[in-house]
Amino acid sequence: MEGKQRRAFWVSISLNFNRLSCAMPNSNEAVIQTHQLTKRYKDLVAVSDLNLEIHRGDVFGFLGPNGSGKTTTIGLMLGLLMPNDGNVEVLGRDVRRDRAVLRKVGAMAETAAFYPYLSGYDNLRVLSLMSDVSQKRIWEVLELVGMKDRAKSRFRTYSLGMRQRLGIAAALLSDPEILLLDEPTIGLDPAGMKEVRHLVAELGRQGKTIFFCSHLLYEVEQICSRVAIIRRGKVLAEGKIAELLHPSKYVEVVVGETSRASDILKSVDWVVNLQSGEKSITLQLRDREASEVVRLLAGHGIYPSAVIPKSSTLEDFFLEVTGEEKKQ
Amino acid sequence: MKNLIQAEFIKIFKRFNVWVMLFILLLFQNIPAIIAIFGKFQNPSAYYLPQIFTTQLSAAATPSSLIGMLILIFTVSSLGGEYGWGTLRTVLVRGTLRRDFLTAKLLAILIVLLFWFLALLLVSLPLGWAVMRKMNQEIPWGFFNLSGGLVLLELLARTYYTLLPVVILGFFWTAVGRSVGVGMGAAIVHVVVADPLIFQLFRTLGGFWAEVSPYTMTALGRSVATFRGEVMPVLLSNQLLAAVVLLAYMGIFGFAALRIFEKTDIRFTAV
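In the order they appear, the protein sequences are chains Z and A.
Using our numbering, the final residue of the first sequence is 328, and nothing's skipped along the way.
Using our numbering, the final residue of the second sequence is 1271, and nothing's skipped along the way.
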């Protein structure tokens, strides 16, 4: 997107947010619930006994490595896939029995899929007829995602980024209470990713409930209030980001003799993930405090000039959680 | 439902292939009439007015006719395209019932089929007139009255009814195959190869099998739409019975298509 277009995009976002209706956040009300949700593809268990609860107003990050079952979970939530066991309730209603509840959900499942021979506008027109949405609203959402200028071009001529934008526009078309977005920033340039991140964060602030799948842990950490980490169809960790990112056990030890200090630290079992640099050593402590490092090194006549606690990120946590699972 | 059908029309009429199919239909179906106008044709009277309407409809009155094949291709690509493009996901996540979606698609296709028939008859009018002028024949204006219109309507209804199973089978096999390729292959094999083959096999076997042979889909369609006995002999004299049995076939395949479409996963590329 060019500079002028991008500015227009931002202006349109600020103007249009005022028009978006929103529900008041109520953290106690579960708007999406999965109960013992299980999906198998022959011998492969894609999702196993999954129990999730997403509350109204949550911006919920759903994380996991490739093939962990994220997209399958979204497919089950949207009634596109049939579960082998368990069920999904959206706004208290089973999606398999009462599909009409999905009218209150906007979704972009996997990559944006549209009719290639129709224009962006016509594609949204087709969807608007299914959702009983006015033509005025089509132009509103096109403006919101910065696609108004290319609305009359055929979908097949769009770049991947433009396709994703149209996918987001389609998800927002019926002004839904709940948004399910599966990797919405795939294919976008860095500026586009930032715009989508702001858009999602702003929608969250407006009271929309957002279920957000992404590989980009940095963006999830920035915009999500709660996360769940899934691997091989099972939830490994779930909760508020602030609570999950417990005080870090990573420390950086600034020391003169890094080589000898590394050998000493490697000899104890409560030091893991040690990485030795030219002037410092980064390591992770297992059930010990940083002062133990100083005491150990001092016992060997090495005195660190500094021991700096490293701040924990969602990425660290993600790797830690999925790494623990690997060891098991 | 009205909105869903309207959405289907946007998809259908903005698709270039649909207009190409109509062009192919009108061109190839009328080649004999065009030859009769611009060259020599052995039996031009078949293209005189109003005989040209009967000729056109009888040529269309089998599933393996040009219009039958075109509507089969159209049906399969219409539903199979939704699987291939991934648009089923985009559409169904909006809370649209799968049953409603399929019904709207079916109704839209049947309306398009009717539109094709009407276009065919409309084009036949000037062509028949031109053939008659070329052969220095008087135009039988007397045909263009209410009773003539009713006769034409009956012929149209019979031919149309004969092609309905093609649409249903197109849906069934596409729902089974969940792609244009599989759906098209299976439906063509069913309509063009398997069903006529079974019919011939039953007749060859004789006895009980010969007696049930008129109840195969191809034979039933022929019985319903036979209005040129010299070309296609009547296989089942009770045309009402033929129509009812054909309806039962349509019901079975239609119901099966709907159940399969409702109960199967809309696949994702990633698991």
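Treat the hints with caution; some may be incorrect.
[Stated by the list, open to error] Label-pair distances were calculated between CB atoms; the ranges are: (1) A:Ala-1157 / Z:Leu-216: 54 to 62 Å; (2) Z:Gly-67 / A:Glu-1262: 24 to 32 Å; (3) A:Glu-1138 / Z:Ser-153: 24 to 32 Å; (4) A:Leu-1110 / Z:Gln-36: 37 to 45 Å; (5) Z:Tyr-41 / A:Glu-1262: 16 to 24 Å; (6) A:Arg-1133 / Z:Ser-159: 31 to 39 Å; (7) Z:Asp-49 / A:Glu-1262: 21 to 29 Å; (8) Z:Gln-36 / A:Trp-1209: 23 to 31 Å; (9) A:Asn-1017 / Z:Lys-136: 28 to 36 Å.
[What the hints assert, rightly or not] DSBU-like mimics (lysine-lysine), calculated; alpha carbons at most 35 Å apart, straight line: (10) A:Lys-1263 / A:Lys-1002; (11) A:Lys-1002 / Z:Lys-152; (12) Z:Lys-234 / A:Lys-1263; (13) A:Lys-1002 / Z:Lys-42; (14) Z:Lys-136 / Z:Lys-42; (15) A:Lys-1014 / Z:Lys-148; (16) Z:Lys-104 / A:Lys-1263; (17) Z:Lys-148 / Z:Lys-194; (18) A:Lys-1002 / Z:Lys-148; (19) A:Lys-1134 / Z:Lys-104; (20) Z:Lys-136 / A:Lys-1134; (21) A:Lys-1263 / A:Lys-1040; (22) A:Lys-1040 / Z:Lys-104; (23) Z:Lys-136 / A:Lys-1040; (24) Z:Lys-310 / Z:Lys-240; (25) A:Lys-1014 / Z:Lys-152; (26) Z:Lys-148 / Z:Lys-104; (27) Z:Lys-194 / Z:Lys-136; (28) A:Lys-1002 / A:Lys-1014.
Rather than coming from a laboratory, the hints here were simulated on the basis of the structure.
For glycine and all other residues, C-beta sits at the position ideal for the given N, C-alpha and C.
ask   = So which of the earlier hints does this model not fit?
value = Hints 3, 6, 8, 13, 14, 19, 20, 21, 22 and 23 not satisfied by this model.
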